[in-house]
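Chemist: Using the sequences and the hints given, assemble the complete structure.
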Amino acid sequence: MPFIRDPEALRRQGALSLAEGIHTHFNVQGTLGRLRQGIDPSTVGADLGRDLQSILHTLELATEEVNILREALKHRQHAVQRGPHQQALQEARSRIASLERALTDAHQAKAAAEQRAAYLERQVEHLQETLAEQRLLIARQQARLDAFSG
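Under our numbering, the first residue of the sequence shown carries the number -5, and numbering increases by one thereafter.
Treat the hints as calculated values from the structure; they're not laboratory data. Note that this is a predicted model, so its numbers are computed, not measured. The beta-carbon is built from N, C-alpha and C at its ideal position, and this holds for glycine as well. Treat each hint with caution, since some may be false.
[Claimed, not checked] Only pairs whose alpha carbons sit at most 20 Å apart, straight line, appear in this in silico SDA-like list of lysine to any residue:
hint	residue 1	residue 2
1	Lys104	Arg116
2	Lys104	Glu115
3	Lys68	His79
4	Lys104	His120
5	Lys104	Gln122
6	Lys68	Gln80
7	Lys68	Thr52
8	Lys68	Thr57
9	Lys104	Ser92
10	Lys104	Ser88
11	Lys68	Gln81
12	Lys68	Pro78
13	Lys68	Ala56
[What the hints assert, rightly or not] Now the in silico label distances, taken between C-beta atoms and shown as ranges:
hint	residue 1	residue 2	range
14	Ala100	Leu130	26 to 32 Å
15	Asn61	Arg89	51 to 57 Å
16	Thr37	Gln71	48 to 54 Å
17	Gly39	Ala66	49 to 55 Å
18	Ser92	Glu58	45 to 51 Å
Modeler: In structure tokens, the structure reads:
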């Protein structure tokens, strides 16, 4: 009957299938060859377990190293943010803001001075017109005075 098989053959076939699946994911060397050579699956499984433990240990070490590097990166970023060049940058930004305020004040003062100058020019024109009128009146009065005395 075909459904009755050797239990040892079934055990080896199961171990071989398991090793093929693990081999594609973990790239464990030699497992398939050892099973095909007929080495006891429990021995191969124990070796495979040690290999997987080694891979897991390597992965844990790599994860720990990545975490250490991340912490170091955080500390360096923090140091850069508080470093002397950051302080100089902040001082420069503050100075720029101060200069921009002074420039705005200067523009406002210039506009006020221009308005004052325009007002004074109008006043000068008005006074010159008034002076011209006064001179004309004085000249007329002088002419009348001369005509009366003379």
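Chemist: Any hints from earlier that this structure breaks? Give me their numbers in increasing order, please.
Modeler: 4, 5, 7, 10, 14, 15, 17
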